[in-house]
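S.K.: Use the sequences and the hints to build the structure in full.
Chains as they are written, first to last, in the working numbering: chain S, 1 to 323; chain Z, 1 to 323; chain U, 1 to 330; chain A, 1 to 330.
Treat the hints with caution; some may be incorrect.
What the hints assert, rightly or not - Chain S stretches covered by chain Z per the calculated footprint, using a threshold of three residues with CB under 8 angstroms from any CB of chain Z:
1. 145-153
2. 180-186
3. 190-196
Derived from the structure by calculation, the hints contain no laboratory data.
Each residue gets a CB set at the ideal place from its N, CA and C atoms; glycine is no exception.
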Amino acid sequence: MSKIGKEKLKEIYIIMLRIRAFEERAIVEYHKGIPGFIHSSIGEEAIPAAVGAFLRGDDYLLTTHRGHGDIIAKGARFDKMMAELFAKETGYCKGRGGSMHIVATDRNMLGATAIVGAGLPIASGVALGCKMQKLDRVTVCFFGDGATCTGAFHEALCFASVWDLPVVFVCANNLYSLSTPQKVYTKLEHISDRAKAYGIPGVTVDGNDVAAVAEVASEAIERARKGGGPTFIEGMTYRIYGHHMGDPGTSYRTKEEVEDWKKKDPIARLQSRLLKAKVITKSDIEEIQADVNRELDEAVKFAAESPEPKIEDALSGIYYTAR
Amino acid sequence: MSKIGKEKLKEIYIIMLRIRAFEERAIVEYHKGIPGFIHSSIGEEAIPAAVGAFLRGDDYLLTTHRGHGDIIAKGARFDKMMAELFAKETGYCKGRGGSMHIVATDRNMLGATAIVGAGLPIASGVALGCKMQKLDRVTVCFFGDGATCTGAFHEALCFASVWDLPVVFVCANNLYSLSTPQKVYTKLEHISDRAKAYGIPGVTVDGNDVAAVAEVASEAIERARKGGGPTFIEGMTYRIYGHHMGDPGTSYRTKEEVEDWKKKDPIARLQSRLLKAKVITKSDIEEIQADVNRELDEAVKFAAESPEPKIEDALSGIYYTAR
Amino acid sequence: MKELTYREALREALREEMKRDESVFLLGEDIAEYGSSYKVPQGLVDEFGHERVRNTPLAEAGIIGATLGAALVGMRPVAEIMYIDFSPIAMDQIFNQIAKFRYMTGGTVKVPLVIRTQGGGGVSAGLHHSQSLEALYTHMPGLMVVMPSIPYDAKGLLKSSIREDNPVMFIEHKGLYGQSGMIPEEEYLVPLGKAEVKCEGKDITVVAYSKSLVLALQAAETLEKEGISLEVVDPRTLLPLDEDTILDSVKKTSRLMVVHEACKTGGFGGEVAAIVAEKAIDYLDAPIKRVTALDSPIPFNPRLEDYIIPNEGDIIAGARELMGKEVSAR
Amino acid sequence: MKELTYREALREALREEMKRDESVFLLGEDIAEYGSSYKVPQGLVDEFGHERVRNTPLAEAGIIGATLGAALVGMRPVAEIMYIDFSPIAMDQIFNQIAKFRYMTGGTVKVPLVIRTQGGGGVSAGLHHSQSLEALYTHMPGLMVVMPSIPYDAKGLLKSSIREDNPVMFIEHKGLYGQSGMIPEEEYLVPLGKAEVKCEGKDITVVAYSKSLVLALQAAETLEKEGISLEVVDPRTLLPLDEDTILDSVKKTSRLMVVHEACKTGGFGGEVAAIVAEKAIDYLDAPIKRVTALDSPIPFNPRLEDYIIPNEGDIIAGARELMGKEVSAR
Ligand SMILES: Cc1ncc(C[n+]2csc(CCOP(=O)(O)OP(=O)(O)O)c2C)c(N)n1
Ligand SMILES: Cc1ncc(C[n+]2csc(CCOP(=O)(O)OP(=O)(O)O)c2C)c(N)n1
Ligand SMILES: [Mg+2]
Ligand SMILES: [Mg+2]
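M.R.: So, in structure tokens, the structure goes:
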């Protein structure tokens, strides 16, 4: 099928289904009234799934406000994620963080920051820490196209490149920085050209083509692990919903554009390939989906039934105190 | 002689002499006890002189801690500059700024900032203001090689490029960010490659070759003036003294390196060309130097004899108050 | 008079000043078609075009630098930082460049610019979208810091800020955008640097601003019924502060409470308390009371957030405590 | 005991902790061969190599981000920001990321890192190299802020900071590096979060830190001769603040002066004043007095700078004022 083996593609496909299902359920729960913002990544699943499939459990991952998919791709648990969205004590951040701040330390997922760009310098630091300790762990940092205008992006890449740090910077280019189209905020056609400012490899791929992403990602991760330094990957993709669930996404995009991109849905695309190649059958898919849905039902139940944080604990967790 | 005419080269030569003479006198006065830091640009004069020669009086200029040369190249007065170094009320900043903060509004020289990199976003803003008012003024922003690692650099160039602003970014690459050699802080061989991240022209020239700098600078200024947007120019040069007058500059550089670069002195180089081509004679030079020295003597006298700011005025100039 | 929301009042101020003065323009992230997160500039791009309602790259230091530069050469830019939580990214430009620029020129250059931003919690927006950071900006001589609490002030203060020749940090509150108030048909300004007594009273001076002012007024109503009379002072401009209005009030009431949504330690309440403890301590009949957020990041969980951020009940409890009627929990 | 300068004491702390714990390393601009501007890390690269004494690109947000990241995965980085004036560039990383990281994880992750920097004036370094910005960092729950004033504390506090599992902003003073003091031969620590009464007295409690503490001790000596007795309290850690030591002292002396080199408005003096006005106002026999820099950027001109920044004379005048002996000029 491609350099990426069938089994790997199937694995990626399942991760994508998991992300999609989680996102859809999160939206349902959002409309039922869970607090805060939800930035859906529906339509963008191929990138985290294809990257995540090549990461080890002890590799590190950082992400941003639109991070559910990235976090799931790193293997985070639905129940603790959902509980976090529900602002419950059993959530990954004990309800203190919410959708934009999930940290899954059990998966070496070191957080989502809601300050666009701010995760990148931290990612370089995580990679530095690994390198100094001679751990062969790779750090992946996800972010959007808009983030590449931030000073934080630049400083992070300066550090990563000059110290050959084992970090892969993955930009999900969904064509908009919130409402601002790429051509309004940069003259570049390919944002991956920014890599040239650091003397590191930069590559643009079809971010809705799992195999394409998997190829560059596996290569970049391998290079990083072997001491070859950082890579900048730009995956071209699209978010089907608005910026967050409160934004219809219509003031700056046309209906046609959205419809066009719906046709390029990465899951449908891979699914038909896998079906055609008989890597998977319709009933396999139904079974996987049923499993995922069962897991989600349980996660929602867990989240709904979990206790809220206690008011008495309101000031805990700010400072570490040895007891 | 080159695409740059003889008269222009002579003009540039004189600016260089002025810069050199001012810097040398500033060092003398520093050793006699004027307060604060002096960051000498001796050895780097070709860049500001060759750029400044193509600027109009109403063009804008911004610079950094090592800005004396840039400020002189924009036509600032010795007396008010020297008085500023002497911390006197008659100085360009009324003694409030000092060497690192000279602002010469009479020459549309909009300040030196001592925060490395911070001038660049302001320069983009100045150029934006000019463009919006349909003034055909060009803004030039000088900075060092180290500054290109700052987030401020990146954000400034993002703005300048996408809005096609009439600004020229001029990097005096003296091989060190303070004590840190280029290869320790970046993998790039040519820092001008950073321009590729913005889709704007970037060029590296011998910064001690006046004609070379003049060529790219005049082109860039012309392009900016005609609406063609920003350019990034990197001039390779060297500072002969330490980082500031309190730094011998020996802990991170070899004597040989410094001696080598002394041989590439940009003033001597142009001078012998001009003499050879009979654009100028020895006695011309002596005369110019005598003039410059006289002007400097007067400037020092003016500075020395000028009053200090009054204590009663200590809190003036912070806020504008209509009276 | 007409009824407008705080949001509409702000939009009207922008529109009127843009019409009045060609050099006024707006820049910020997603302010054009999208109208930014809280829709203050919504629709202005239709009226004034993209030249004067400029979407920028996502780069706060770049925005603020561009704002300063444009102001230096004859424009009157009004920048937007979408959330005050993002303003630390531009801190060097605001603090080291903008606030000091005039001083650096020996007082010869004017820096006429406004940075509009908004802060505050109450919508479960989490750690990075809920903060109240005004105190940081009050420690920056050269800046002005303005925080409107009602629609009338929002419009009048924003218009004055745009006409001001000093740089203004103009801080709105996300929880106030939907609040309505009466606005004159005719043009008006509200002067910077002038506090207003929003409610006269005799027992306790309550200095409160932004959304806390609204809470304080509600508390004043409730407390009136139990015979405690609050004099609520809205500084409106935090820097420079109108000390006299506050001191006069304290001299009358002999008690001071400061209310703000920022956390206590290092907050602006300390400044107000210190001024009173320096200049009017002899008039005080009770300890000074700061009713503020607890010293914590703002949690996502709504109940915790509610608990961390001060509400009307906290003001009421604080007032009772100052009157010797109970010991309040915070 | 041996005599060391503040600079040497700090260097010894770095060296000892680097020897003791492999995970401790230094990063910052020009800290290796050059030894940075004030030479604290000078020579350490010879002993520990470039791997553990890392020159970085000129990029403060990058430095602080790298520091946080490394701390999250088992290192104990000690970053240097050459001048505190540059720290606003890294403000988002310090404030939104570092200070909140542990909280964001529901209290499960430790953030063991130190940001060393230095501030203060007195060397005609001008607007961008002379500031005192500690107050900004005290408004950031999750951080610790430490400011040593004597060599003994400098060493002991830095060692404790490096061993601390919370992020520490460690602020030195450029005017103190050359000051000498006695240091024990054997290893010792100074605990964070503990104030110290540096000089006992009975008339006025003077809360002062960093270089201002040294000035306050000098003033105490001078004033002793005229019968005014200062009790000088050095908080040493500003966040979290050891309130008890300050309150106990004020209860004893009945008068409070706070001295710092930062400008007054929004400064840390307001916080100390507010705490006392909240918790010990009944003990006060005089207004609270803040002796601080005037509200201005720091001018280059030495005489103006001297005037803007508080000196021993200002403390003396303030003390006389508190004792009812004169009206001080500021
Ligand atoms: C520093 C900062 N500035 C602005 C915002 C508000 N904001 C949140 S997401 C966003 C757009 C980000 O675009 P991009 O990086 O492309 O990510 P996407 O949302 O498209 O996934 C903006 C402006 C923010 N959270 N942080
Ligand atoms: C933001 C900031 N960081 C650090 C410094 C301290 N510093 C002053 S100049 C300098 C090196 C600048 O190198 P470069 O940009 O190459 O200019 P050069 O001094 O070589 O002319 C440093 C680190 C500063 N002034 N501002
Ligand atoms: Mg995007
Ligand atoms: Mg350099």
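S.K.: Next step is simple, just say for each hint if it's right about the structure.
M.R.: Tested hints:
Residues of the segment 145-153 of chain S with a Cβ under 8 angstroms from some Cβ of chain Z number 5, which satisfies the need for three, so the listed coverage holds. Counting residues of the segment 180-186 of chain S whose CB falls under 8 angstroms from any CB of chain Z gives 3; the rule of at least 3 is met. By the rule of at least three residues with a Cβ nearer than 8 angstroms to a Cβ of chain Z, the coverage given for the segment 190-196 of chain S holds, with 3 such residues.
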